[in-house]
Every structure is written in C-alpha cells, then in structure tokens.
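Trainee: Chain by chain, the residues:
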Amino acid sequence: MNCRSEVLEVTVEARQVEEAMLALLHTILLHRSTGKFHYKKEGTYSIGTVGTQDIDCDFIDFTFVRVSSEELDRVIRKAVSEFKDALSNSGSDGMGQISLEFFQKKKSRWPFSDECIPWEVWSIKVNVVNLANEQERQICREKVGEKLGEKVINVVEVINRHEYLPKMPTQSEVDNVFDTSLKDVQPYLYKIAYQITDSLGTSVSTTMRRLIKDTLAL
Amino acid sequence: MAHFDTDYQRLEASYSDSPPGEENLLMHVPEGAKSQWHHIENLDLFFQRISFIPKNGFTCMLLGEIFELVQLLFVVGFTVFLANCIDYDILFANKFVNHTDSSKVTLPDAFLPVDVCSARIRHNAFMIFVLVISGVFWLHRLVKFIYNVCCYWEIRSFYINALKMTMSELPYVTWQEVQARIVEIQKEHQICIHKKELTELDIYHRILRFKNYMVAMVNKSLLPVKFRLPVLGECVFYTRGLKYNFELIFFWGPGSLFENEWSLKSEYKRGGNRHDLADRLASRILWIGIANLLLCPVILVWQILYAFFSYTEVIKREPGSLGARCWSLYGRCYLRHFNELDHELMSRLSKGYKAASKYMNCFLSPLLTVVAKNVAFFAGSLLAVLIALTIYDEDVLAVEHVLSSITLLGVCITVCRSFIPDKHMVFCPEQLLRVILAHIHYMPDHWQGNAHRYETRDQFSQLFQYKAVFILEELLSPVVTPIILIFCLRRKSLEIIDFFRNFTVEVVGVGDTCSFAQMDIRQHGHPAWMSEGKTEASIYQQAEDGKTELSLMHFAITNPQWQPPQETTHFISQLKERVHREATGLLKKKKKRPRSLIANLLAGPSTLSSVHFGRDGCLNNHTAAGIGDGASALRSLSPISSSLYLRAVSKAMAGSGTDARTVSSGSSAWEAQLTSLVLSEYASTEMSIHALYMHELHKQQSRGELPRHTWHRQESDESSDSVPDEVRSEPNTHLRNFPRSHTFPTTVPSPSAIPTSASATSSSTLSQQGVGGFQMFFSYPVGAGVKVVRSARVPMGGWAEDTQGAPRHHEPLPEESSEDEMPPHIHKVNPGAIM
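From first to last, the protein sequence lines are chains A and B.
Counted from 1, the first sequence has number 37 at position 37 by this note's numbering; the numbering is strictly sequential.
Counted from 1, the second sequence has number 221 at position 221 by this note's numbering; the numbering is strictly sequential.
The set of hints was computed from the structure by calculation and includes no laboratory data.
Be careful, since some hints might not be right.
As the list claims (entries may be wrong) - Once the Cα atoms are required to be at most 27 angstroms apart in a straight line, the calculated BS3-like pairs of lysine-lysine come out as:
id, chain 1, residue 1, chain 2, residue 2
1, B, 226, B, 467
2, B, 220, B, 492
3, B, 269, B, 492
4, A, 106, B, 195
5, B, 576, B, 534
6, A, 84, A, 41
7, A, 106, B, 196
8, B, 196, A, 167
9, B, 265, A, 191
10, A, 41, A, 106
11, A, 125, B, 195
12, A, 106, B, 164
13, B, 467, A, 167
14, A, 107, A, 151
15, A, 167, B, 164
16, A, 105, B, 195
17, A, 143, A, 125
18, A, 167, B, 576
19, B, 211, B, 269
20, A, 151, B, 265
21, A, 105, B, 187
22, A, 151, B, 195
23, B, 144, A, 106
24, B, 243, B, 195
25, A, 105, A, 40
26, A, 125, B, 265
27, A, 105, B, 196
28, B, 195, A, 191
29, B, 164, A, 107
30, A, 107, B, 196
31, B, 164, A, 105
32, B, 144, A, 105
33, A, 151, A, 191
34, A, 183, A, 41
35, B, 220, A, 151
36, B, 196, A, 151
37, B, 144, A, 107
38, A, 125, B, 211
39, A, 106, B, 187
40, B, 195, A, 107
If we strip away everything but chain A, and leave its shape as in the complex, we get:
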C-alpha cells in the first residue's frame, strides 16, 4: 500500500495501441530519468546530460517527447509489443492493462533476497475498439491525439507535485535506486508488467506469503 498509484485510461483502435502505450510510458520515463551520475571523491557527484527528441506517431495525430536513448526505447518497445501481441491474441473484448512500477531495493540479510519496494505505480488501462469505416478512423485519430495530450498534461501535473521520491543515493547505493545498466541515461528502477482482461485474483504467491506470515504470527 505504501506507494502512490495513478491510473490512466485510454480507448484506442487496435493499430494505435502500440504508439499510445509508447507515448505514455515514454512521457512518464522522461520525467523519471536523470543523466548518469559521476561520483567524485568527497561523496559528491555530477550529473551527465540527457538529450530529448520528438517522436511523431503514424496512426495518431500526436507528437511526444522522449529521452533520446535508443537502449531505453528498445526495452520499452519490447515490453509494449509483447503487450500488444498478448492483447490481440487474447480474443477477449480487448481490455488490458499495462503498468509501470517504480521501485527501490532494500538490502536484506543473507538468507533473503533483496526486497523490491514500489513507490509509484502507473497503471494504463487500455480499451480497444473496432471501427467500421475510414471516416470513423479519421475522427478516432484526432480524438485519441487530443486525449493523449490531456494524459500527458495529467502526468506532468502528478509529477510536479512535491511528493515522495527516493533520496539521492551515495555511490554504493546507487543501484538500489537507479537503473544503471543503460549507457546514456539513468532512470529510476522500474518494472513493466501487463495483464489482459479485468479479473486479477489474488496471486498464489501473495496468498502463500500471507499464509506463512500469518502462521508465524499466531
């Protein structure tokens, strides 16, 4: 519970799914990334530069800004295309949800693995519609563009609030807060997960964990 959660909902046509998702995820990550940290001797660091670039969408009247990092883009694209495939293969009524979760790691003692504690979760709910003719598609193209614009402003508003962010780490802890695997950019640690259809159900692992904890706490 101890994490913020934001929900964005979009209604798009099947071919727009990928671009819409990329637009939203990249917008969020743009604000949740920094340049690479270069640590100095006295526990200080300097921050490298980050470039941005504009991306025009093919199926939506929309242009968004993303961090100009090919590596990051590749990772996101991979996740989104998996999501898109799962969505088209599911055969359900085209409902799905992709979530971007920012977390930080906490070192724990030896026998246990590191805890990942989320601090912000963005859930994007997607509703896919089928359109009959070209005219409707044209309208949809514009409307989705407008909607995405609203969402981007929404995202920026949320991010501009003065709310909890992990503290800037020292050199030894930088891996607990930031994803340092990329060469040119350093986003906060994040995870992308998706699920198709609405019913989630308690996952078995949470139940088991709870069961064990509860027996122990008896």
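Could you slot chain B onto chain A? The hints should help.
Mentor: Relative to the frame of chain A, chain B by itself:
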C-alpha cells in the same frame, strides 16, 4: 556612414559548450539514505509490530520464548517416557525385583531397557501419530520463534534509532507517546509516502483494518455466532478457530474479498453483479468448510495437545483457575470500540474484571451454598482427623489410599469453598453492573434495571465465561466450525457482500477501511445516542449500541492530539462541555449547601466507585437520618470518587482535562513518562464518565421516545414501573425540549424532578418509601440528569470531602493510581462497621 554605436555588442565567449575539464560542472552532494526507515513497504504490519510494546524488554521476551520451547519438548518427551518406558508393576510393588545386595527398590529398577522401550513406541500407531503432530507443532513454534527474533530485532532498532528510546525506559512508555513520536518521525523520514504527515487515526486504521471490520460485523450481527439451541437456549459460539476461518474467508485466504492487505477487490465495490459474487462466496465458504471437515481429526489432536500443554501446568498450580472467568472472544469483539488497540481493550476489560466476577458471584444459588457448606464441613472434619493422625505418626501415610484420600478431600473442600460466598460481601447487582459498565462501556439496553434477573446474568455470561467453558469450546471448535461455516455462514453470503460494498471507504494514504471506523456521526450515528439531528444514517447504516458515538469519544479522549473533522469536533466538544458543566455545577452546589444530598455528587461521578450507592441500594437510603461517621469512614475507602472529584475540580479550574494532558510533552523525560502514565489513567476515567453519561442519556431518550429498543423494557421488572408515570415522563419532556440547556439553577425547587435516570433499584426504593418523602432532596431540575440522580443514591459521603477536598487536590498521583484497586474496596466493605 556614421558610426552606429549602441550598447548592444557581442558578448565575449566566457564559456565553452562542453568544457574538457570538470571544474565548471555542477556538483551535487547525495543525501543518501540516512536511515533505513523511510518508505516502509508494509506499513500495516510494521505498525502492528510497533504497537506491541514489550513491557519487560526484549531479552525477557526472548528468554521466555526459548523456555517455552524447551518446556514443550520436555512435556512431550516426559509424557511418552511415562507411558512407555516404565514398568509400573515394579513401581506399585506388584512384582519383586531380584537384588543381590539390597532389598530396596530403586527408581532405575522401574525403567524398561531402551530397546524394549523403543519397540513399544514403534508398535503404537497412536503414539506415533501424536509424536508426529507434536513434532510438527514444535517445529512450527521453532520457526515462529526464529521469525519473531528477526522481527523483534528490527523493531528494537527502530525504537532505539528512529524513536530514540532506550530499552530501559520502554516499560514506562505509553502507546500515545510512541505514536506521537511516529507522527514526528514521519515528517523527517517519510515512512508513509502518501502524505507529509500521519494522523493518529491513520495509524489506528492501519493497525486495526481487519479488526474494525470484525467489530462492525459483530455489531451489525452479521456473523453467525449466536445460536438458539433447543435445550441450552441462546448461546454464543465464537472460538479462535472460527475467527481464523472468518478472517481466512474475508481478508486473506485464496480468493478472498481483499485483493491485498489494503484494498478490496474492485468487483466487490460495484453493486452490479452482487448475486454472482454472493454465489461465488457461498461456494468458497462451502469448500473451506469441507476442508475444515477433512482436517478435523488433525486439528482436534492439535487442539487437545495445545490445551494439554498450555493448561495442565496452570491447573496443577491453581486448580481454582478453571472456575475463574475470562472475557470471552465474543465479548472482546462486542465490547471493543472501533479503533481500539488490543492493549487498550485488555486494560479496560481487566479493570472491569473484578466487578464482573463479583457480579456473577451474586447469582450463587443459596441451595448450592447450603449443600456446599455441609459437604465442606464433613470433608473438612475427615481431613482434619487424617492430618492429625499423620502428624502423630507418619506411618499412617503408609496405609493404602490414605495419601490419596487426603488429596481428594483437599480438592473437594476447595471446590465447595468456591460455592460459599464471602459472608462479608454485600450484593447489589444493579450497582455492580453500573461499575462494570463504566469499564466495558457497552451493554444492551434491557440490562439496565434488570441486573438482578437471571436472563441478564446469562447474557452477561456470554461475554464473561468460565475459563473451563472457554477451553471446552476451543476443544469442540474443530467439529463445530465446519458446521457453522457450511450451514450458517453460507446463507449470509449476500449480506456479507453487501456489507463490504456498503461499508468500505477508501482513505488516501491508508487504503480501504471499514467506514464505521471513520467514526463519522453523520454517516453512522444513531439518533438514540445523542447524534439526533446530526445523523443522516438509515437504520442499516446506524451502528448499534451507540458504537459510533462511544468509539468516537473513546478515540478523542485517548488521543487528545487528534484533529477530528469539523462536525465531529462539534459533537465532541458539545458532549464534553455538557459533562463538564454538570460536574462543575454540582461542585458549586456542594460548596453552598454542603449538608444537602447534592453534595454527594462529589461522590456523584463516584457512581463509578459505586461504594456509596452500592451500599445505599442495600441499606435503603438513610438519607435524611444524618449520615453518621460510618459515611466518612466509607468515603475514605473509595479513592476513586475523590480522584474523580479532583478531576472535576481540575477541570473546573484548568479547563478540560485533555488540555492538561497535552502539556506533558515538554517536561523532562522521566517526568513526562510518569505524567503520561497518570494521564492515560485520567483518560480512562474520563472515558468511563462519558460512557456512563451517554448511557444514562440514551436511557432517558429511549424511555421518552419509545424507539426500537423499547420492546426490551416490557420484560423489565415491575418495580421500575411503580414510580408514577407523570413524575417520570415530565422531566423527559423537559429534557427533550431543551436538550442543550442544562444550566444548573440551584434555587428552583421542583417537585416533579424525580430522577428519570434512576435505575430500577433506586426507583423501587423510592416507591417503597413514598415519593413525597424524597422530593425535598431533589431540589433541582432534572436536566442535569445523570449525575444528580446518581447522587440520590449516594446518601452519604459528602462530609469527608469538605475537609479533605483541598489537600487532595494537590496530590493526584496516589489517588489516581489506586483506582485499580477500586473493586476490592467495594467488595470488602463491611456493613457492620457502618450500621
């Protein structure tokens, strides 16, 4: 071309786009994670662990647990050894041992050789079953112990590093203080990331999220725990096993209503397919019931072993403990306020324990007493003879069965003695029930005025059961639980779905909580409990028994720093003011006319202590007849009334008591701790006054307006109706017309002002003595209500107050601290000294 000269000129390049050196780069200093306590993942669990303050330090707790493990191992091992490895024939001298050197039988002679022993164990299937189960049990305890050690360690370092408390001062720290520090820490470390500041209510909501739901469900009688059985009548069955199953079904089991610990699944929040969801829930309950049924033998053996290991030692040490009573699990649920922590509830109930067991003892059957007395006499004389003979010559002991008969006779006498009441005790059920109410804060309306009836007693025993019954129920639980689940709970699935949908609210920074726990008078107030006009709740939404109102008062009093929402603040301050005004009004009165009955009001809040009216109910009001020296003697016996007096005085002088409590934060550590302990005592007393006050007021209202609870009154005692109707009803109308104008004019003598809130006992005394004779003592309008009326049942006591009042005012500590011993004072009153 003229030279065109302007200020505008090219800026000399003082920087380069990408400096090769690093000297011009902006440097940052990382804050790092100063503590590990920022952003804790599972705050619910974290707060739960913190709320459990170890009273004796962590070392004691760990050592205790280690010894428990060893003890368990020993008990199992020893039992098996006794059952299998001893040749009892040798021990009982039925078989002779061939010794070459001496004829003495030694203990090792009776032991069987190891191989025989192990063979016997191996061939005994039941023994192996028991061993396996206890082995699993022990391993479970061991793992739990290790897990606990880790948790303790974490919490310990939180206490030391984050809360800055040393282990030595821990026993003196109250929860309120810890909580205040947590709220402080949030500002610095951001334990919870949603908000900059935590409130007390947030912390309580997190700790008690599911418990609040359970309390609400018991309050709305949603859970099937009361049954009407053919022979036993109405009975309550609520055991730990059943509770565990309920929690499994609702909160965390596979496919439960909750998605995770803090949010209800979204489909349960929508009303659309409630029938589908109810069907699903019903089938889940069925499956869990069947699983229970299948596991029944294992759980049964487990329960028996558990009971055996936990209770044999206790029974051996003090056999009387089985005859003792304890607050039942249902009672704890019924009596619990919303947002009340375990330790708060337990300390409240423990304070009421003596009065409660005293009350139950009132109902000893006289027939049984006579029989018991005589049995004890005969058994005692036999025992005396046997002991005397033994003292004369201890060879008597060698005679067969002498030792065992001495033991048996001893047990017999102990049992009989428990049926013989103390002859110095004075029984006054009505007053006792009132004392109990002051601590437990809740009771059904129809108990008032019916305290002497067996129905009331039986119902009270549902809350306050014999320990033996408790253990028996726990043993039966594995068999009964599946039946209840399958046949009773399953039928309620639709109601349960509706309950969770209607009474769940999402609070920012907390998650989904039970809406009752918000303690919002507007949403869940009950018009018969002072929230008339403020509440907009339908009958379905109203909490029963004034739970919302009383919980709200309790929470506001225990957490004076809490900032409730606007309307709630209004309600609280209004109520406090009312109680306060009446207390001070009575104080003033007392100064003017010290000899009048009203002066006893000082004892007035002492309704709590009840010594006075407890007596007076029994002694039939010696009011006018000059209350003799006995009175002052009695007064000194009751520290609480004087402490209440004190409180009233301090309130009158220094404003409300809560103000005083908030002051404590500044002073030095030790002092602050002491004060906070004292002040928490104050808080509980204050809550008691408010609870009694609200119950009185509720009674007046419900009598006047015949709300839905009144049907209970039909079965009430005749005597309570013997007061003329007009006398009773008129003050009511007065009260209703001017509900908030309880000023306290001292001069207006009003003959109609017979106390409406007088309980059945006192009104029956009234009717016996004639109403007229009394009226001269009640020269005040009854708007003042409760307190005044109680004073009517306090014929004595004011005098000592006059002389002692002032000095006592300066030494609150001893007075207040002796509150715990209040019940013994009550019960040890010797009427002989007074008469």
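Trainee: Taking only the CA atoms, is the gap from residue 105 of chain A to residue 187 of chain B under or equal to 27 angstroms?
Mentor: Holds: residue 105 of chain A and residue 187 of chain B sit about 22 angstroms apart, inside 27 angstroms.
Trainee: Mind checking the alpha carbons of residue 269 of chain B and residue 492 of chain B for me, to see if they're no more than 27 angstroms apart?
Mentor: Holds. Residue 269 of chain B to residue 492 of chain B sits at ~18 angstroms (cutoff 27 angstroms).
Trainee: Hinted pair, alpha-carbon criterion (27 angstroms max): residue 576 of chain B, residue 534 of chain B. Please report holds or violated.
Mentor: holds (17 angstroms)
Trainee: Straight-line Cα separation of residue 125 of chain A and residue 211 of chain B no greater than 27 angstroms?
Mentor: violated (33 angstroms)
Trainee: Given the hinted pair residue 106 of chain A and residue 195 of chain B, is their Cα-Cα distance within 27 angstroms?
Mentor: Satisfied, since the Cα-Cα distance of roughly 21 angstroms is no more than 27 angstroms.
Trainee: With a cut-off of 27 angstroms on the C-alpha distance, tell me whether residue 220 of chain B and residue 151 of chain A pass.
Mentor: violated (43 angstroms)
Trainee: Would the hint linking residue 105 of chain A and residue 40 of chain A be met if the CA-CA limit is 27 angstroms?
Mentor: Holds, because 23 angstroms separates the two Cα atoms, which is no more than 27 angstroms.
Trainee: So if I understand the rule, the pair passes when the alpha-carbon distance is 27 angstroms or less; does residue 41 of chain A with residue 106 of chain A pass?
Mentor: holds (25 angstroms)
Trainee: Can you confirm whether the C-alpha distance between residue 467 of chain B and residue 167 of chain A stays at or below 27 angstroms?
Mentor: Roughly 54 angstroms between the alpha carbons, so the hint for residue 467 of chain B and residue 167 of chain A is violated.
Trainee: For residue 151 of chain A and residue 191 of chain A, compute the direct alpha-carbon distance and say whether it is at most 27 angstroms.
Mentor: holds (21 angstroms)
Trainee: Would the pair residue 195 of chain B and residue 191 of chain A pass a check requiring their Cα atoms to be no farther apart than 27 angstroms?
Mentor: At roughly 24 angstroms apart (the allowed maximum being 27 angstroms), residue 191 of chain A and residue 195 of chain B satisfy the hint.
Trainee: Assess, step by step, whether the Cα of residue 125 of chain A is no farther than 27 angstroms from the Cα of residue 195 of chain B, and give holds or violated.
Mentor: The given pair, whose Cα atoms are some 26 angstroms apart, holds under the 27 angstroms limit.
The structure is inconsistent with the numbered hints 6, 13, 14, 18, 24, 35 and 38, although it conforms to all the rest.
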